Structure formats: C-alpha cells, structure tokens
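Spelled out from the first residue to the last, the chains are:
Protein chains: 4
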Amino acid sequence: MRRAIEIENKNTATKGKNIMAGTKSLFIPGPTNVPHRIRQAVDLPMEDQRAPDLPTFTLPLFEDLKKIFKTRSGQVFLFPSSGTGGWEAAMANTLSPGDKVLASRFGQFSHLWVDLCQRHGYDVEVIDVEWGEGVPVEQYAKRLAADTGHEIKAVLACHNETATGVTSDVAGVRKALNAAKHPALLFVDGVSSIASIDFRMDEWGVDVAVSGSQKGFMIPAGLAILCVSQKALDARRRADTPRCYFDFEDMIKTNKDGYFPYTPPMSLIRGLRVSVDMLLEEGLENVFARHRRLAEGVRRAVDAWGLSLCAMEAKWHSDTVSAICVPEGFNSADVLKIAYLRYGLSLGAGLSKVAGKVFRIGHLGDLNELMLMSALSGAEMAMRDIGIPVEAGSGVAAAEEYYRHTARPIDLSLDTAAAR
Amino acid sequence: MRRAIEIENKNTATKGKNIMAGTKSLFIPGPTNVPHRIRQAVDLPMEDQRAPDLPTFTLPLFEDLKKIFKTRSGQVFLFPSSGTGGWEAAMANTLSPGDKVLASRFGQFSHLWVDLCQRHGYDVEVIDVEWGEGVPVEQYAKRLAADTGHEIKAVLACHNETATGVTSDVAGVRKALNAAKHPALLFVDGVSSIASIDFRMDEWGVDVAVSGSQKGFMIPAGLAILCVSQKALDARRRADTPRCYFDFEDMIKTNKDGYFPYTPPMSLIRGLRVSVDMLLEEGLENVFARHRRLAEGVRRAVDAWGLSLCAMEAKWHSDTVSAICVPEGFNSADVLKIAYLRYGLSLGAGLSKVAGKVFRIGHLGDLNELMLMSALSGAEMAMRDIGIPVEAGSGVAAAEEYYRHTARPIDLSLDTAAAR
Amino acid sequence: MRRAIEIENKNTATKGKNIMAGTKSLFIPGPTNVPHRIRQAVDLPMEDQRAPDLPTFTLPLFEDLKKIFKTRSGQVFLFPSSGTGGWEAAMANTLSPGDKVLASRFGQFSHLWVDLCQRHGYDVEVIDVEWGEGVPVEQYAKRLAADTGHEIKAVLACHNETATGVTSDVAGVRKALNAAKHPALLFVDGVSSIASIDFRMDEWGVDVAVSGSQKGFMIPAGLAILCVSQKALDARRRADTPRCYFDFEDMIKTNKDGYFPYTPPMSLIRGLRVSVDMLLEEGLENVFARHRRLAEGVRRAVDAWGLSLCAMEAKWHSDTVSAICVPEGFNSADVLKIAYLRYGLSLGAGLSKVAGKVFRIGHLGDLNELMLMSALSGAEMAMRDIGIPVEAGSGVAAAEEYYRHTARPIDLSLDTAAAR
Amino acid sequence: MRRAIEIENKNTATKGKNIMAGTKSLFIPGPTNVPHRIRQAVDLPMEDQRAPDLPTFTLPLFEDLKKIFKTRSGQVFLFPSSGTGGWEAAMANTLSPGDKVLASRFGQFSHLWVDLCQRHGYDVEVIDVEWGEGVPVEQYAKRLAADTGHEIKAVLACHNETATGVTSDVAGVRKALNAAKHPALLFVDGVSSIASIDFRMDEWGVDVAVSGSQKGFMIPAGLAILCVSQKALDARRRADTPRCYFDFEDMIKTNKDGYFPYTPPMSLIRGLRVSVDMLLEEGLENVFARHRRLAEGVRRAVDAWGLSLCAMEAKWHSDTVSAICVPEGFNSADVLKIAYLRYGLSLGAGLSKVAGKVFRIGHLGDLNELMLMSALSGAEMAMRDIGIPVEAGSGVAAAEEYYRHTARPIDLSLDTAAAR
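Residue numbers (our numbering), protein chains in the order written: chain A, 1 to 420; chain B, 1001 to 1420; chain C, 2001 to 2420; chain D, 3001 to 3420.
Hints listed in this document are in silico derivations from the structure and should not be mistaken for laboratory results. Because the structure is a prediction, the values reported are computed rather than measured. There are no misleading hints in this set.
Capping the alpha-carbon separation at 27 Å, the derived lysine-lysine pairs in DSS-like fashion look like this:
no., chain 1, residue 1, chain 2, residue 2
1, B, K1357, D, K3256
2, B, K1357, D, K3253
3, C, K2142, C, K2315
4, B, K1315, B, K1353
5, A, K256, C, K2353
6, B, K1353, D, K3256
7, B, K1100, B, K1142
8, A, K256, A, K231
9, B, K1067, B, K1253
10, B, K1142, B, K1231
11, D, K3315, D, K3142
12, D, K3070, D, K3175
13, B, K1256, D, K3353
14, C, K2357, A, K253
15, B, K1256, B, K1067
16, C, K2181, C, K2231
17, C, K2070, C, K2256
18, B, K1175, B, K1070
19, C, K2253, A, K353
20, C, K2253, A, K357
21, A, K24, B, K1024
22, A, K231, A, K100
23, D, K3353, B, K1253
24, D, K3070, D, K3253
25, C, K2256, A, K357
26, A, K231, A, K253
27, C, K2024, D, K3024
28, A, K353, C, K2256
29, B, K1231, B, K1256
30, C, K2357, A, K256
31, A, K231, A, K66
32, D, K3357, B, K1256
33, D, K3253, B, K1353
34, B, K1066, B, K1175
35, D, K3357, B, K1253
36, D, K3231, D, K3067
37, D, K3175, D, K3315
38, C, K2353, A, K253
39, D, K3231, D, K3256
Let's have the full structure, built from the sequences with the hints guiding it.
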C-alpha cells in the first residue's frame, strides 16, 4: 500500500527550481558523518607511500588500533576495500574450501556473510533465527558440544546486525566454545559495532574481527579494518583458499616495516589516525556510553510514538542503529522517500525480509542530541505525511526529556558574553 | 535571578574529558552557516590580485551583485571590513562634519550606527522608539516636511534591527521623503536583511545600502558590501570627511578595470561569486519565501511555548531573526549558557536594553526545516533546564505541522532504492 | 657503495627543529597530485549510497567512463581496492584454476601480475624479457600461432611498466591474436597508462583493461577501474575461480540501477566524476599530447645530464614515467634519500632487479612545466650531492628550451595590470 | 617597446581549449602561499563570536602575537582590513589633523603611506630618496636634531619597501630619535617584513608597527595586524582624527575580555593562531634565516643572469622580495605577461616609477628551494621568450649550488624503503 503517492505537493510558495537549502541530515547506519577534524586529515595532498619516514606514522598507528579492538596479541590489517572485502580476507586466509562453518542468519548482513562463505566453497551450517533476535547462543552451545570430532572449523557471530538493529552476545559464544572445549575459530562481524559498542577481542577470545572505516571509525568508506588473533594467523599456513589481494602474508611482510604490499589509500589511513586519536582522547568507555545514551533517547521516542522496534527484546537493542516497525498498512519505503525528498533526511531502508516493514535510524559515529532531534523530527513529519498516527512532537519530547535528565556536566564558571 | 547555576550536573555516565561529539548548532543571526559550495570556493589557493585575467572574474561579479540589490544604476563596492566599516564608508564618502542626519534608535545596531555618525562629527537628530518597533515612518514624514530648508542631509533607516528582530518599512521612508520633496540621501542598514528579505534599491530610491558577507550572503565575515546610487556618488565630491581606506574614489578608479586599490580579500570575493550564483539560481523571490516560511515556523513554536516576541506587531516580524522574550523572573543569558555549554547550540544574546530579557534565534542563510528543529529543540531543553514552563516538544510540534503543511513539492517519480 | 652517508650536514644556520617549509614535491609515478577541483569533490559530506537520486549521478558516470577507455560495448566496473585488486577481479571473473595464461615479465609490475595469476592457480607461461624492453609482440605472435588447440585462454600485456618506464604495443598484441585467429582473451594492465597515454579498448580488441584511481585519473588511491568486453563478460559464466567481493555479477545487477552491491567509496567516485569531466573538457588527445610533451622535456634533461633511461629504445619510452639509470658506482637509493630528506622531493625508487640502479620521475597527472622544474632541479641537486657528475642546471636548461619551443598558445590580448 | 606581442604562438600540439594543468606558481610578494595547516584552520565552520569559551582562544593568541613583534609592553590589534587599513588605524588613533609627520619616499608603498597621511590632513614632510635605497637615516637624524621645538609628532619608516625590494634600518631611525632626544612617535610599515625579517618592537622603540595577514603570516588577505606601544596608546587620548571603525578604544574595551567590538573575521583569526604556532615552533630566528637563505639563492641567480637588483647596495637587499631590473630596451611587463599566461607563474610587476623596468620575485612565507626553482626557471623562460639575453638554466644552476652548499641537516638514519 502506497499512501505516499497520494500526498499532494502542497507548497505553492516556491516556484521554479526546487532547491534545497542547508545541509542534508544523514542518519543511515553508515557511512556516518565524518567529523571536521577527520575530513581535514583525509584531505591532505597525496604522499609517497614509500617515503623513508612513513613508518614513523604507520607503526604507531598499527599499535594504537589494537587498543580499539582491546587486544594485545592480535594483529591489525588494513585493506583497501569495503567491509565485504574484510569478510573475504577473514575467511580466505584461514579456511580451505570444504571447511565446515557454523553460522546464524537473522538479518540481511548475517545472510550476506553466509552467502560469501558459500560462494568460497565452505560448508556452512546455518541456523535461521527470527529477524529481531540475534546469535542463538544456546543452539551454538549444543551444536558445538555435539561436534566432538571438531569438524566445525569456524563459528560466525554477527555482533551487530545492521538490518534489524540487533546486538548479539559474543562473550556468550566464546563461553559456548569454551564449554565444549572446541578449537574452532571465532569470527565476528563488528562492522557496525566496533568503535561504538563495547568489543573485547582478547577477553572474548575472538579470532578474526572485521570492521570498516565508515561506521564507528567515522571515516569515508573504502577501508576494511581487521584484527586477527595469533591462532587465526597460524591457520593461514593450512588455509588453501586461493588469495592474493587479501593475503595476510604480503601484509605481514610489509606492514612489519611500516609499508604495504600495494598502494595504500593513504587519505583514509591518515583519517584513521585522527579517528583513533579522537576515540582514545574521548575514552572508549565514554564513546560507548555516549552511543548508549543517544540510542536510548531514540528508543524513548519510538515508545512515545507508540511504535515498536524490530529488535524483540531489550537485550538485543543495538546502540548504533534502531530498526523501527511501521504499523500494518503502511510501507516504510514511503517514510524514507518522503523524508529524503521532502526534508533532506536519509534514513535506513528495510532490507530483504523486512523491506517495507521497518525504517532505520543510524545513531552512531559523530553525533549529538540536537543532531538526533533533526532525525526524530524529520521521521515524525514523514510518518505523519503518509498518515501514520504518531503525535507531532511526541518522540522529540520524549528524547528531549531523556537527554535533559542525563545531560553532560558543564563548566558553569564560564561567563556568557553579554556585550555585542 | 539565576536559576541556571542551581542546575546540577546530572550525567554520571561520562567520566573524564568532557568531549562534545558531532557538530555544533549555529543559530546566531550571523555569521551564518557557510554552504559547502561556498566554503570550497573560499578555500582556494591564494592568487595574484593583479593577474591579467582577473577582470574576467571581477567585472561580471560587480554586475551580478547589482541584481541582489535590485538596482540598475547603483554601483557596488566591496571593502575588506565588517559591516561597521561599511557604515563608515557610507557616511564618510557622502557627508561632511556638521551635516545634519535624521535617525531612529530601537535596538543595539540602530544605536551603534547613530554612535558612529556622532563620532564622525555629524549632527544626528535621533528619534528614540521603543525597542520592538521599527523606523517611525510617520515621525520621519513630519520631520522631513518641516525641514523646508533641507538642512537634513541624510536619513537613516535600519532595515532589519538584528537585536530585536524587527524589520522596518524602507519604502515608507522613501514615500515620506518624496511627499516632502526632500533631497536628503536615504541610507539603509541592510546587513541582516539583504539577500534574505526583499530589498529594492532602485524602487525604494535608496542612496546607500550597507550589507556584510556573513549574513544572507553566507560567506565568512570580513567583507562589507555596499551599493551606492549615482546621487550619493556625486555627493562624494562635496563630502569632506577625511578618508582614505574607505574612499570610493580609489575603488571607482581601480574597480573600473576589474582591480582594487589595495590587496582584496580574494578568498571572500571568490566565495561571494558562488554566493551570488546560488542566490540567483534559487531566485531571489524564492530565497525570500524560504526565509519567510522558516521564520514563520519559528514564530509558531514561540506561540506554542506561550512566549512572545520582542517585535511588537506582526508587521515588524523579521524573517531573519526572532528575539524571544523569557518570562519575568528568568534570565535569558542562562538559556544561552545552558544551550551552548550543554547542547552545543549557539543562540543570540539579548543586547543592551534587552540583555537578560530576550534570546534570539537566527534563521537566515543556508538553513532548512530539520536544522531549525535542532535549534527549537535545544531552546526547549535549555529553557526547561532553568525552569521556564514551556512544554517539552511543543514548539517543535507546532513548527513540524507548519512545515508539513507548507512543504516543498517533491518528485515522487524517483524510486526508493530497496536493495542493499 | 653509499656515498650519501658521507655527505655532511652543512647547514649551520638553522638550529633546533628541522622544519621544512613549503610544499613537498611529489614525482612518484602515482599516487599523483590531486587537482584542487578533484580534492574538493572528494571532500564532500558523506551521503546515502541508496538515495533515490543517486542513479542520476552514477548512470551517466558509467557511460562517460567508457569514453576514457574508448569503448562503446565494454562495461566499466569500480571496485573499492587498489590496482592489484583490479587484476584479481579481472582474472577471477574470467578464468578457472588451471587455465593457461600467456604473459611476459620485464619489470616489477608485470612480475607481480604473473605472481597473482600463479597464486590463483592459473598455468602461466611467462616470457622473460630484459628489463627496459616491453611486451615481446613477435614472440607472442609465434606462441599464439603455435597454439592451434587454443589452450591459451588469456594473454596479458602490461601497457605501461611503471618500474622501468616502458610502454608496450598493445595494438601489436591484438594483431598477433588476429593473425593467429586466436580466441584468447586479451588483458591489459593500464594502471599507469589509461587517462595519460592513448588507450583504445575497442580498436585494439582489449577484453579486460585494469586501471586505478591514483595515476592518470588524479584521484586518491582506493578505487580500481576496470573495463570489460562483452566477450569477457560472457566468460564469467564458465569461470569458476571462487569470488565474491570482486564478482562482476553482483556489480552488474546493482550497477544497472545505479547502485552498488556493498558500500561504495562515494568520496572517490565523486572525485572520479570530476576527473572524467576534466579529462573530457581538456580532450583526451590533448591530455595525451600534454603528457608526451612533458615527458619529452624530462628526456631532454636526462640527455643533457649524460645519463640514459632504463627504457632501451625510443619506441619503449613511457610518457608517464622515466626510469633513469645512475652511473656505475652510485646507488640510486641515495639519490632518493637525499632528494626526499634534504629537498622534500619524492622520486620513484628502483624496484627489484633495478633497485639501486635507477630512480624514477613520475610525470603524469596534474602537472605542468614549472612543476617539473622542481623535480629536475631537485634531482640535479641530489645527484650532485652524492657526487654523480651531472652539470648543475644542465637538465633544467634542456627542458626549459624544449618547453619554450613547444609552448602553449596564449591570449596576448589580455592587458597586464599595471597599477598597484 | 613590446617584443612580447611579436612572440608567435608556437605550440601546434594542443588544439581546442587551452587548459593549463597543474598548479599555478605564485611568487608575488603577497598574498603568499597559505600552508595546508593554515588553510585547514581557516576552513572551519562558522562560529559564535560571543561564545562563552571564545576568550580561552583569543586571549592567549593576543599574548603570543607579542612574541612575533618581540614586544612585552606593546598591545596587538587585529582589524578586518588590508594593510592600508592598518596604516589608517595607526595614524588616526595617534595624530590630529595638522600634526607634522616626517616621512621618506622611495617606492610605491612608502609613497602611498605618505598619500594616506596627507589625505587625513597631516602635515607630511617628505624626503624623496632614489628608488632602490631606503630610509635616509642620516637625513632623518639631521632633521630631528634641528626640530628642537618637537613639532614633528611622527616619524615614518617603511621597513621593507615591497616595490623595490629594499629593507631599511629601523634601528638606525630609533638611534636618530634618541640622539636628538626627540619624543616623536616612530611608525613602521612592516607589512612585508614582520614574521619574515627580523623586527624588534621593544628594542627598536617602535611605537606603531603595521603588518598584514597575507605576507609572512601566510594567511589569506583581510586582516591588519598592528602592534602599539603604551606611549602611542596614550596618544590616542589627544588624537582627534575622527575615527570609529579603526578606533583602538573599542578594541581595547572588548579585547580585554577576549571579544571584539564588531563581527571579527574568525576564519582568519583561527588561521592566525596556527600561523603563530608555526612561526614559534620553527623559531623566529630560524624563520628569518630561512628567508635569508632562500633570498640569497635568488640573488645568486640574478647575478648569474647578468642582471641587477633595483636595491642599490647589499645593505638594502630585502629577504622577502627581489626587484630585478630588465635590460634597457625590454619591458618587464612582457616578462610578467608571458610568465603568467604561458607558464602559469605570477611574478610581481614593476609599479609606478619602475613600471616596465623591474619584475619582482616574492620569496616570503611558506616556501622552499624547489618551489623557488619553478620561479627562477619560469623567469628564465619568460625572459628568453622576449629576447632578454640570459643563459638557459644559468640562474637555476647558481641557486642550486648555493642551496646545496647551505642545505638543511638531514637524519640519514632513516632507511629508504626499497620494496614495492
């Protein structure tokens, strides 16, 4: 049902060219807004990727990136690619065709990861879970306990399913592996969680974590960021999936001296340096708390609208993206279209199984309360435009009150300038 | 009364450095947000201000600027200075010490203009008007009619008083001059109106109009933009206020060939080119309509809050800035301080007579509905923080509904992308 | 032999921090200098890669890119990756493990391409040619004529070997294929030629051409740009090299509607749009002529220095990079080190077989005569610093005279500004 | 005589649009090249000039600026204006109409300063000196000694005459004043010297120093930077030149708290912060030494060309700009025109008395050796194009050798990257 097309164009004030003033509002769950400081780091003149002083830049960056993954022993890799390429690098360097992989599917991105594994010839055992839930830790536990022959070589966990706004319990998966004393490698898709939601490489015994530049790292798209345990690195010697571009070996050999096996996207890597600086300056736990607080404000707004999240229980609530269900009889694609075309607001679409049923608000990266008010207000307006019965201002009011009562401490000693 | 300092700092989630993520919200009545396209034009490598091809850039710009002032016969001047320098240029080139000037005062900026005239030795006859009203056209009319000896050489009209959010009737002043057949020069301060609110140099018989780069022109501060009638240009021959930097004569001689008498701020002038392009591409009438519509949404919010504007009647309502009165017992400076320090929102302060009594929302330049929602929401939050009894979300809701019912026509033929 | 380390540090004027003022000079053969206009296009706010109006941007870009490859029937693909990833995409989509590939090796990049093919399990027949020569067209012709059973599935030609400054005769390879009526696919590495040196996809019957963003396209590194013939596209149905990230199929399905199968690096793609605009505005043939002229100036300088190029004959001369041999007894790495550390000049190193023997001047992308003078002058200074007997100013003088006698037409009607 | 117009357009390679690739070379004596770091500081989003935390930015900047002027007791003022406005501020705040001023004139800028004083009604006693010499210290000494009645209120010294490339002896002027025990205020035009050539406010007893943003400060044009002694500040109480925009009083009152009397050009002031940081990080003495060394290389080139400087003796040589005399029978304007239109090189024109006779190379700000090679080479080419008999490469060679023998110390411990 497409009520949007029945909306008439009401504005008769503006004739001629339909020019939109001001900045667009970007609230998709990635790419996220690039902070000014990072944009400037990215916008440097080109440089010589073999300059003798480059290692003084790259080597400390590799070290500092480990802090973001909370690892001491893992190794970080930067590939010029999207997150999908990161998945490919993760699997191709550690598995061989025919290897058994345990995975679960509960959204478009966990689905696509399974698909990638299948295309590379791995034997993927998929547990389908209702969209709105996350990694089925108990089922994983049972399956791993049953696999006494250790046929399963890899266990996949999508930490944050971007399509449904669901965060899974990676620590639980580790517990299941440990309980079964199972040696399988643990792979985590952290594309939309790492640097925004707590992630603990070493503590959770993650073997390969995949992230991307354009979400919590707040850099333009184009860089896959991986962290790999020594155990997974060892596995590369047995893994015979054909690979070259994504080969860890070439990276290891050249990264060691601060260089890369082929032309690195230095613009993004310069941006990554500032991203890591910003994350560490703010403090990772503060970054996570900030995301949680902003997310909670959005959830209060959804409640006030009388709508529900795709995530089925509070324990699944994602702090980086909320997938919001529209009532029966409405098409969420209409909300998106109106929001974008009429109000310059980009929201995330419902994908695959939830197409038409949900729209998503990305609330990760470089954001604050008032920026989110644009998104909430724009969503209200677009929903009301197509007839969804939410009250004008209701979501905004709920978020305002939540943010007010959890507001940042301020230095009141500064005197407001009074004179012109 | 200062309730703000009683507000406790509530957030205990964030420890350590108090870092604000995201972009600040700038809603002062200038400088305004610089559109990306203009920022890029400003951010050019330095250039040779005597290059042989410079006139191919400057001469058409001088011509196109006339369109913004709606003049055919006037001449535009660009001085590296603030708007205050623009005032000085306006007076110094046309008047002599001792000349009689008729002016009115109803806000901080009309006050400062009078002050500048007095410091230059002109004999200013000031009509004081209550702050919240504008140029007293009838009093002007009487005074001009009475001045049969034409002692008055200049009549000043502040088109848009930025301190109180009041727009005056310049056409009315012209009518008064014409009715009295009075030859005095008509000076208009259009710093916060020109390029945002309708202004008609020729039709209204304005002799000198003063504007600045950082308001409707959406360029960084640093450039005064004047438009001068032939009549006022002729007056420079008799005017013996000492002058050099702001001398029209040097400008006329060099501008004629596309150059400047001293190093011009080419960055800003390159930005001005794009500003003029953007204004003409959108169409001046559309620009004015957009400002009016955005301003009206703000006024609806003020109504919903149960507050009143400093501007006393609808006819004085400014479409570029609203000065909002806080209730008795509250200090508007507290609203500003909380808004800025807690929510990253810059509002305009109450100045001079209305210090502590009003706060201002600038709604001019490169803005849209959702950006304004940040301002309205932040103002609600800050007001509630200090105890002003406005309802959460009420202003936002009123603005939402107004904007929805006057929304831009959209092209619904574009299909929303459905797949990942 | 390392004379450089004997060079004493002579400057006693500057104490304390050794800060280098001014801009560095980048004359490696990629990444190349990004023109201001492209840098600004790259430096846009992030955007929604699924926005309904994105196809109005992407679809015409795909079309215009064909003009750069001089193809009508080919299809262009953009992968977030380096050129190496472009090679991988080219092979993986068209070949199956065990397929026979005919290749030649005469520099580091033709070598690495062969290596990539071998790692993917293709059966590569390599013809080794002396470094300084190019694709051995006659040997190819013989081998193809002999392959009456058409076992050879792919023929590789490195159009411009960046390591040695050698351009090969791709048209000749096509002639050899045609003469033998051989159906093998023709693959061309045009990473450092396309958009700088004439390349003709359709006329030369190229099946897959691989290029990258950071050379002639003048964009930051991170985008592989491929062009694929219909014949090669058909081959993807039979090719069973495992692939997912680089799969043409996913690209074809989504590109058709103007979208991408995963998050595209929109910053680079926005830059690519301006790159293509600039190339087409200047005219491809003018772009090629400009590169030829600038390269010839460099070659005149090398002559004047009494040195020789790595490229053995004039027919191999590359118009995008010159590899210059240092005399016996000198280490070209010392030239690079001195040039970079003392004069801020990045030259290209000698790689692999020619390490220590050559240094390279990249002369492609957004360059002009006077920029090259910095490179030539810096090279002279660095060579003299380590004792290479070239005459000060000799190379610069030769280039000056060549450039003067082939200078651009100018419009002398513009009057030089005479006044201050 | 205009040989340039006889130059035929030789290049037949490039048809169609005459597009110049690469970056233009800017070697005028200001505006100078803005370093990337400063450009980024300038390119910030607009900000609230009355924000409560602004003083934490402005107050330390005012303090640090004193270091650039080498003053402890002086006060720095920032006016949105060109250097000419700086002159006006200097005079208007300290003198009254009719006051006697001692000045000298030996170039276009010392001339214009005198002109400005005359227009403001001061009684200027001008000593005309041959262009190519500087402030006539001995004549000043005599005149001051003779002025026992202390009628002279102000003594002007143009520290660096930009039109002729002449640096004057300001310390000598102070000695002359002291010798005569003369209380006149000492005014210095340091627009093209301060931050590039040693300047000592306190040691030399300078009362008002005027500089601008676009020379040694390396910021875009638009900011006059003044430093004023307490003695000169006191003089403002007696000075009755009418003033408002440039009034020190308003600045003093608001600067004290970190604010400004009208909208400041915050973009430039943010850039100024980074400029001051860069100057202090490098160390002022190192900055001066760098300018001296770069200038000396240019002078060696001029010698090698067989040409002479406008500056008549070594003691007058300016380290920021060299004015180079073309031989009889040639028009220096032709050199400029060819350099700009054919090679994209901006040189400084000969102004007024030396129009057609000299061209100028600005060598100040963010420059290094190889950048200067572009200028020297381009000048050689342009001179040869119009027939001036300089040897190709001769100037470049001389500069190369000078720079090589005075090169910066380098850290040879860094290993050159050898692998791809």
